[in-house]
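Protein chains: 2
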Amino acid sequence: MRIPILKLHNYLLISIQTEIDDQTAIQFQEDLLAKIHKTGASGVVIDLTSVDIIDSFIAKVLGDVVSMSDLMGTRVVLTGIQPAVAMTLIDLGIHLQNVPTALDLEQGLVKLHQELGG
Amino acid sequence: MRIPILKLHNYLLISIQTEIDDQTAIQFQEDLLAKIHKTGASGVVIDLTSVDIIDSFIAKVLGDVVSMSDLMGTRVVLTGIQPAVAMTLIDLGIHLQNVPTALDLEQGLVKLHQELGG
Numbered sequence: 001m002r003i004p005i006l007k008l009h010n011y012l013l014i015s016i017q018t019e020i021d022d023q024t025a026i027q028f029q030e031d032l033l034a035k036i037h038k039t040g041a042s043g044v045v046i047d048l049t050s051v052d053i054i055d056s057f058i059a060k061v062l063g064d065v066v067s068m069s070d071l072m073g074t075r076v077v078l079t080g081i082q083p084a085v086a087m088t089l090i091d092l093g094i095h096l097q098n099v100p101t102a103l104d105l106e107q108g109l110v111k112l113h114q115e116l117g118g
Numbered sequence: 001m002r003i004p005i006l007k008l009h010n011y012l013l014i015s016i017q018t019e020i021d022d023q024t025a026i027q028f029q030e031d032l033l034a035k036i037h038k039t040g041a042s043g044v045v046i047d048l049t050s051v052d053i054i055d056s057f058i059a060k061v062l063g064d065v066v067s068m069s070d071l072m073g074t075r076v077v078l079t080g081i082q083p084a085v086a087m088t089l090i091d092l093g094i095h096l097q098n099v100p101t102a103l104d105l106e107q108g109l110v111k112l113h114q115e116l117g118g
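Residue numbers (the UniProt record's numbering), protein chains in the order written: chain A, 1 to 118; chain B, 1 to 118.
No lab work stands behind these hints, which were simulated from the structure alone.
Hints may be right or wrong, so weigh each one.
Identical copies look the same in the list; a pair holds intra-copy or inter-copy alike.
Restricting the straight-line Cα-Cα distance to at most 30 Å, the calculated cross-link-like pairs of lysine-lysine (DSSO-like) are [claimed, not checked]: (1) K7 x K35; (2) K7 x K60; (3) K38 x K111; (4) K111 x K60; (5) K60 x K38; (6) K111 x K7; (7) K35 x K111; (8) K38 x K7.
Fair warning: this is a prediction, and the values are worked out from it, not measured in the lab.
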């Protein structure tokens, strides 16, 4: 199953709520970039509140999709990163520098709004 | 895979973007009611923009979940119902009377806001 991407005004919202396998992650990357291209969204919030653990492949795909979206001119905010996920990311050397983060979806939208000078 | 339910302020947002099987539909029903109970959300938007076809079982589950949410005191708005889905629902005798509908997610949120007297 694909991860649904919601369009709300100028933003795309994604909530990852299940363990995702490699194929789903790659599909998500493609879907998100295609949707950014199609909608011209200026910002994306990816909410990871319900993600308990993350492996190196998924972490890399996530880091990549942030960089790719950035290249396309769209700002990505990651929200709800749990302690174990934060530890894994840093252990793997994925620092996600310059990636804004926030506590939850609401705060993520506020952050996007600030980042985009709204 | 479960259908993700996003919480945004006082509302829950769901976008169904793949064909769902019976098991997923039942799981969604349980998940949504549990989330309404947990969050005390006052409104729910279920976006069906990406649903091309619907069968009688899924249609019944959808009708039921609206009635159940209503019983719990939460208003549900259905958005993005496509022509084929509308035809199937009426053919099946599922009229979803008293269920507010809207064109897309944004309009659904506006409608919820009006319905709830915001």
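Hint by hint, here is what the structure shows:
no. : hint       : in the structure
1   : K7 x K35   : both (9 Å within a copy, 21 Å between copies)
2   : K7 x K60   : both (24 Å within a copy, 27 Å between copies)
3   : K38 x K111 : both (23 Å within a copy, 26 Å between copies)
4   : K111 x K60 : within (23 Å within a copy, 40 Å between copies)
5   : K60 x K38  : within (24 Å within a copy, 33 Å between copies)
6   : K111 x K7  : both (17 Å within a copy, 17 Å between copies)
7   : K35 x K111 : both (21 Å within a copy, 25 Å between copies)
8   : K38 x K7   : both (11 Å within a copy, 25 Å between copies)
Checked against the numbered hints given earlier, this structure breaks none of them.
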